[in-house]
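Chemist: Each chain, letter by letter, is given below.
There are 2 protein chains.
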Amino acid sequence: MGSFIVLVSFTLMILMAISYEPYSGMGVTASDVPTSCYHYCNQKLESRHQCYKHCDESAHKDPGYKLYGYPYSANTRRVLTVLYEKDLSFDPITVDLRAGEQKKPSFLSINPFGLVPVFEDKDLKLVESRAISQYIATVRRSRGTQLVNHKSYKKIGTETMWMYIESFEFDPPATILTQQLAINPLVGLKPDYKVVNETEPKLEKVLDIYEERLKNSSFLASNNFTMADLFHLPNIQYLMGTPAKRLFESRPSVNRWVAAITARPAWKKACDVKAWYGKKKNGY
Amino acid sequence: MGSFIVLVSFTLMILMAISYEPYSGMGVTASDVPTSCYHYCNQKLESRHQCYKHCDESAHKDPGYKLYGYPYSANTRRVLTVLYEKDLSFDPITVDLRAGEQKKPSFLSINPFGLVPVFEDKDLKLVESRAISQYIATVRRSRGTQLVNHKSYKKIGTETMWMYIESFEFDPPATILTQQLAINPLVGLKPDYKVVNETEPKLEKVLDIYEERLKNSSFLASNNFTMADLFHLPNIQYLMGTPAKRLFESRPSVNRWVAAITARPAWKKACDVKAWYGKKKNGY
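Going down the list, the sequences are from chains A and B. Under this note's numbering, residue 1228 is the last one in the first sequence; the count climbs by one each step, no gaps. Under this note's numbering, residue 1228 is the last one in the second sequence; the count climbs by one each step, no gaps.
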């Protein structure tokens, strides 16, 4: 009988040693996940991984995400791509930029900056497409495409660096060229070629650095597609429809990279305006 | 004897259940921490928290960080503030921007963008001041001021949002005004008042939104000082020395916030040019 108890005790000991990792230890507090899920994890003594997966998958089956945006907007498409890469349902709410709805008081009460997209996850409201993208990729890390690394400090550092290179080196000239060469013609304005001629060399300088990087790396931050690549998509898509596409096509590694990232099904879907307007609430 | 073994077994079981959390489970792999530290953690079966602290504190006692920068540079000061908030030693390497050293081939081989700061943590080289700042705050999360939240998804989302609001709403007009009103006079150029008059209303619009936020929150992302506030410091410091300071002073909550963040000792030290030049290697 004593031996039996010892055996049972040791077995329990081994099992607990393997599996006991309180959910709070993974860096998420009780206030961050549904109470039922938090209690379930602690009571059942699941592994942290199992618990995380359980909370993430079951508690968020219908996340009830809301996305205020406009399907032609570059910044809206950035967030759409993340949602599609993660295969997440959401409720699209159209803010008609052509009608200037983003500057009306009813929308300014939602985002005082008067910009789309705006993302709502229950009582959390977020603006800025890159912040929304990172939030979704962090909260839903175990689902769909892994867009940001959470394990290796080196990879986190490198990815963050390339994300900020997009924000501060690529985006400023790319946005000016997108406005002049893609948006102006759409609204009946001519491009200001003085501005274009001043801006193109700035983008070329950035693309020269990208070319060197992409000779030795499939994507910017690593050999895998990450958020750093995704952030570039909306401006690149617009510019590839203008004479500025030669700046990308004349650089072989950049050209290969552009082809790879624009071919992603999530990006194609983000550009499909019918997919936005055809959506039923929480379904697509 | 049987009872004694049962007692010992149960005691061990409880102890292991409380303390066994393999280091790899906290999201850091063996390749990210020194091998000796990783093995120590797994052999000693410390708690994840203890192990994390051990690796972070002991393995990085002399981190050997290198910072290429210029003590008058706004972007260099952003990273300096993070290093001082975390009380971290580093080796400063001066890149004289007045002498144009950042555009010389020897520096372009370090950062092809020709910009400071550049940060080196052993074989990891990072550019972009905000990326460097986030890297340090993430790797050294357990040390000094807690600048970024790693536990609450809501807080991570809100902080990230305010960081990107700084990057995309505050920084563009603030940088233009800093250049025109602070840098131009330093190098013997007059401000272009057409540019100033076009840009000030853009910054005012942003500060109006900040004023509303700061009426109900001590700092931008929460009631605590975070990276989102820190990111604003370099531009604000320059602008407070120009006529543009009235844009901040005329808004009571913004004014209170500016006073609070510019009073931080880490920021004062980051602005102390003597502290940069007086540094011995790895000491200050």
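Don't take each hint at face value.
Which copy? The list can't say, so a pair holds if one copy fits it or any two copies do.
In the DSS-like style, the derived pairs of lysine-lysine whose C-alpha atoms are separated by at most 25 Å in a straight line are [unchecked claim]:
id	residue 1	residue 2
1	LYS1146	LYS1159
2	LYS1212	LYS1134
3	LYS1095	LYS1030
4	LYS1030	LYS1146
5	LYS1010	LYS1213
6	LYS1069	LYS1159
7	LYS1098	LYS1030
Derived by calculation from the structure, the hints in this document are not laboratory data.
Chemist: If a hint holds in the structure, say so; if it does not, say that too.
Modeler: So, going through the hints one by one against the coordinates:
{"no.": "1", "hint": "LYS1146 to LYS1159", "verdict": "within (21 Å within a copy, 40 Å between copies)"}
{"no.": "2", "hint": "LYS1212 to LYS1134", "verdict": "neither (28 Å within a copy, 49 Å between copies)"}
{"no.": "3", "hint": "LYS1095 to LYS1030", "verdict": "both (19 Å within a copy, 22 Å between copies)"}
{"no.": "4", "hint": "LYS1030 to LYS1146", "verdict": "neither (34 Å within a copy, 36 Å between copies)"}
{"no.": "5", "hint": "LYS1010 to LYS1213", "verdict": "within (18 Å within a copy, 44 Å between copies)"}
{"no.": "6", "hint": "LYS1069 to LYS1159", "verdict": "between (40 Å within a copy, 18 Å between copies)"}
{"no.": "7", "hint": "LYS1098 to LYS1030", "verdict": "both (24 Å within a copy, 19 Å between copies)"}
The earlier numbered hints that this structure contradicts are 2, 4.
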